[in-house]
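Asker: Here are the chains, one letter per residue:
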Amino acid sequence: MDLIAFYARVTRRSALKLAVAAGVLSMTVVPAAAQQVTLNFWDMIWGDKAYPAAAQALVDRYNQENPNVKVEYRSVPWSNWYETYVTAIASGSAPDMSTGGGFQAVQFYDQGAILPVDDVVKQIGNSEFEASTLDAMKYDDHYVGLPWALNVKVVLYRKDILEAAGIKPPTTLEELRQAAKATTGNGKFGIVASGDPSGAHWITHMAIANGGGLFNKDGTAGLTSERTKEGLQFLSDLVKDGSVNPASAGYTNNDALGAFFRGEAAFVLAGATASSQAGDAKSKIGILPPLKGPHGDVQGLYFVNNIMAYKQTQHPQETMAFMKWWSDNALSLWTDGHVNNLPARQSLAKNPYFTNDPDISFVMDNYMTGARTLSQTKGGTFPVLNTIDGDGFLLSLAQAIWQGQPLEAPLDTAQSHLEEVLGN
Amino acid sequence: MALDQVEAGTWRTRARQMATPEFVTPAILLTPSILLLMLVIAYPMVQGFYFSFTNGSLMKAGRLVGIDNYVKLLTSPAFYHSLQFSLVFAFFNVVGCYLLGLGLALLMQKDMPGRAVFRVLLLLPWIVPSLVSIVAWRWMVADDKALFNQIVAVFGGSPIYFLSDSSWAITLVIIIKIWRSFPFMMLSLLAALQSIDRSLYEAAAIDSATKWQSFCNVTVPQIKNISIVLGLLMTVWSVNDFDTPWLLTQGGPANATENLIVLAYRYTFARNDVGMGAATSFVTLFILMVLVFFLLRLQRRN
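Line by line, the protein sequences are chains A and B.
Going by our numbering, the first sequence wraps up at 607, each residue one higher than the last.
Going by our numbering, the second sequence wraps up at 475, each residue one higher than the last.
If we strip away everything but chain A, and leave its shape as in the complex, we get (with noise of 0.2 angstroms):
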C-alpha cells in the first residue's frame, strides 16, 4: 500500500531528478578500468617482416601490465613515411607517440608540434646514452627526442672476391680505391651505390670520413670546403677508375644490396647489420674497419632515430611513461623483429644478444667513437637537417657523380642550394 502511496507522489519532474542522480552517481564510482586511457604509438619499420608483429607483441605486453592504459599499435611503412606524419600534424591527428627518422623530431619540434622528453632522458639517465647520441637530439636546451636505435654507416666487403683476388681488407681510403679498382673486371666491379637517399649516404659519409662535413664550424654550408672537396673528389676518382658499377644512379639501395649480396661487387656502404639480409651469402661478407683519411681522420656517418611525444597528446603524462617503458624493454625488437639498427641505450648493447654477435661487437667497438651525424662539423641538431635529409639535393649529387660527370658544376649546384636552404 506504501509504495503504491510512493509512485503516486512521483512526478515525472522528481523521476528526471532521480535519473540525472542517479547518473552522475554512476560515473563517480565508474571503476579505474573503464576511464582507460588510450595511446595512439605509430612505430616505423624498423627490422624484417618480422618486426612489426614483435612491436605489436611488446605492446600487448605494456597493455596487460598496464590495465588503465590503451596503447594502439600502428606500424608505418618507410615509403612516405615524412607525409603520413605532417598531415596527420596539420589535421589535428598525430599520435600521441612515434618512433621516426633522425632529424623528425627537431623539425617537428620547431614547429610547434612536438613536446621534449627531458624527464624521460633524466629518468632513465645521461650514462645510458653515448654523449654525442644525446647531443644529436638536443636543441633549443631540450632533448626533443629519446635516441633509441643508432643506424651506423659502413662498407661492408666480400670476403670471397677479395681472397680470390689475394687482397686484405683495407684500412685507408687509398687502400679501399685500390681494391675497389683490383677486384673490377668480368662483370663485376669494386663498388656498387644507388641513387636514392642511402646512395648519397656516400656524399656524407666521405666527407665526414675526410674530416669535412655539410657545414662549416659556424654552421654556413660547407660542402665546398676543402676536406670536403676532397672527399668528394675521391668518390669521383672511384667512378674515374672504372670501379663503381655504371647502374649505381639509377638503382635504389635494395637493387645495390641485391647486387653485392649476388658477389656482383666488393664492397658497399650499408647499416651495420645490413650483412643479415644476404641469406646464405651473409658468411662471405665482413665490415671493414672505419677507413683512415689521407689527413688520418677516422670517422664515419650514422643516424640516431629517436622516440617522440606529440603536443596534440591528451595524455603526456602515460605517454611519457609508455616512453620510458618501450625503451627499458626494446630487447624484444632485435632478438623478434632484427632491428636494422644498433641499441642506443648502453646496458642494452651489453646483453649477450649483441655482445656474442661479432660483427654488432665490431661495430659497437671500432666505429662508434668515430661516430657523426649529418650535423658535422657544426654539431648538436637542427630543424633544417630533417629537410636537407629529405630534400634530394644531395641525392642529385651523389647520382651526377656516379654518371662520372666532372665534380665542379654539381657540387657547386649542391652548394647554392644548401646555402638557399640554411638561407644564407
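These are computed hints drawn from the structure, not numbers from a lab.
One or more hints might be untrue.
[As the list claims (entries may be wrong)] Keeping only pairs whose Cα atoms sit at most 27 angstroms apart, straight-line, the calculated DSS-like set for lysine-lysine is:
#1 Lys321(A) x Lys233(B)
#2 Lys467(A) x Lys318(B)
#3 Lys364(A) x Lys467(A)
#4 Lys423(A) x Lys412(A)
#5 Lys494(A) x Lys233(B)
#6 Lys305(A) x Lys494(A)
#7 Lys475(A) x Lys364(A)
#8 Lys494(A) x Lys321(A)
#9 Lys371(A) x Lys318(B)
#10 Lys465(A) x Lys318(B)
#11 Lys318(B) x Lys423(A)
#12 Lys364(A) x Lys318(B)
#13 Lys318(B) x Lys342(A)
Put chain B on the given structure of chain A with help from the hints.
Answerer: This is chain B only, laid out in the frame that chain A set:
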C-alpha cells in the same frame, strides 16, 4: 536619366524572365551540384592560391610574403629545367601516342582474325595500375643483367644503363608514358574512325582516289576535331603526370626527369615549403591554361 530608365526596364524584364519556372526549376536542381563543385574544386584552389603567397609549412601556417615565392621560383634554374623537361615530355608524348594510337586504330578498324583479342591486349597498358607496370619496366631495364640488356648482349651490343644515364632516362620516361597513354588515344580515334560516313570513302573511290589520298582528304578532316581535343587532353595529362617520372626515376638521375609536378611535390613535402609548392602548381596551371587556350582557338577555327 532616360538611359537609366531604359536600363532599369531591361533589368526588370530580365528579372521577370528569370522568375519563370523554366529558369527557376533547373537553377534549384543545379544548386547542390554547383555548391558541391565549389566545395571540392573552388575552395581548395582558392586556398592553394592563398598559400602561394605565404611562407608556411604543412604543419604551421605562415605569413603573407607577397609575390616572393613567384619571384624565387621564376628566378630559379630548377624551375626552368623542370619546365623544359615538362614541355619536351608533353610534346613527345602527345605526338608519339597520337601516331601510335592512330596507326593501331586504323589497323583495328580492319576486319582481321583475332581483332577482339588484339583490342583487349592493346588496352592492357592503360588498364594495368601504373605502380605495377612501371616497377615491371624498372626490372626490365635496371642494369646490365636486366632483360633488355640481356637481349642487347645476344646481338653483341654494350649494356645501356637507362636509369643511370640522363639522356636514356629521359627517353625511357617518354617511351613508358607513350606506352601507357596510347590505348586511350587508340580507343578514342577508333570510335571517331568508325563514325565516319562510309559514303565519303565510296565517293573518293569513284573519284579514283588512292588510299593515301582518301586518308588525307577524308579521314584526316573527319577526325580533326577529336584529334585536337585528344591532343589537348593528352597535353594536360602529360604536364600533370606524376606517376611516370616519380615511380621510374624519382625525377633523376641528377634531376634529368624532374617535371613541374615533381618539383612542386619536392617543394611541398621534401622541403616543407608549402608556399613554393603552391606557387609552382599555379605557374603550371597558368602554363596549361595558355596551352589549352591556343588549342581551343585552333579547334574553334576548324
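Asker: Each hint needs a verdict: does it hold in this structure or not?
Answerer: We went through each hint and held it up to the structure:
1. For the suggested pair Lys321(A) and Lys233(B), the alpha carbons sit about 22 angstroms apart, so the restraint of at most 27 angstroms is met.
2. For the proposed pair Lys467(A) and Lys318(B), the alpha carbon gap of about 22 angstroms is at most 27 angstroms, so the pair holds.
3. Between Lys364(A) and Lys467(A), the direct Cα distance comes to roughly 20 angstroms. Compliance with the 27 angstroms bound is thereby established for this hinted pair.
4. Proposed proximity of Lys423(A) and Lys412(A) is supported: the alpha carbons are some 16 angstroms apart, at most 27 angstroms.
5. Restraint check: the Cα-Cα separation between Lys494(A) and Lys233(B) comes to about 13 angstroms, which is no more than 27 angstroms; the hinted pair holds.
6. Between the alpha carbons of Lys305(A) and Lys494(A) the distance comes to roughly 20 angstroms, so the proposed pair stays at or under 27 angstroms and holds.
7. For the proposed pair Lys475(A) and Lys364(A), the alpha carbon gap of about 18 angstroms is at most 27 angstroms, so the pair holds.
8. In summary, the hint linking Lys494(A) to Lys321(A) is supported, as the alpha carbons are separated by about 17 angstroms, within the 27 angstroms threshold.
9. The straight-line distance between the Cα atoms of Lys371(A) and Lys318(B) is roughly 11 angstroms, inside the 27 angstroms bound, and the hint therefore holds.
10. For the hint pairing Lys465(A) with Lys318(B), the CA-to-CA distance comes to about 22 angstroms; that is within 27 angstroms, so the pair holds.
11. Only pairs whose Cα atoms come within 27 angstroms are accepted, and Lys318(B) paired with Lys423(A) is accepted, the gap being roughly 22 angstroms.
12. For a cut-off of 27 angstroms, the pair hint linking Lys364(A) to Lys318(B) stands: about 21 angstroms separates their Cα positions.
13. Between the alpha carbons of Lys318(B) and Lys342(A) the distance comes to roughly 23 angstroms, so the proposed pair stays at or under 27 angstroms and holds.
When held up to the earlier numbered hints, the structure conflicts with none and fits them all.
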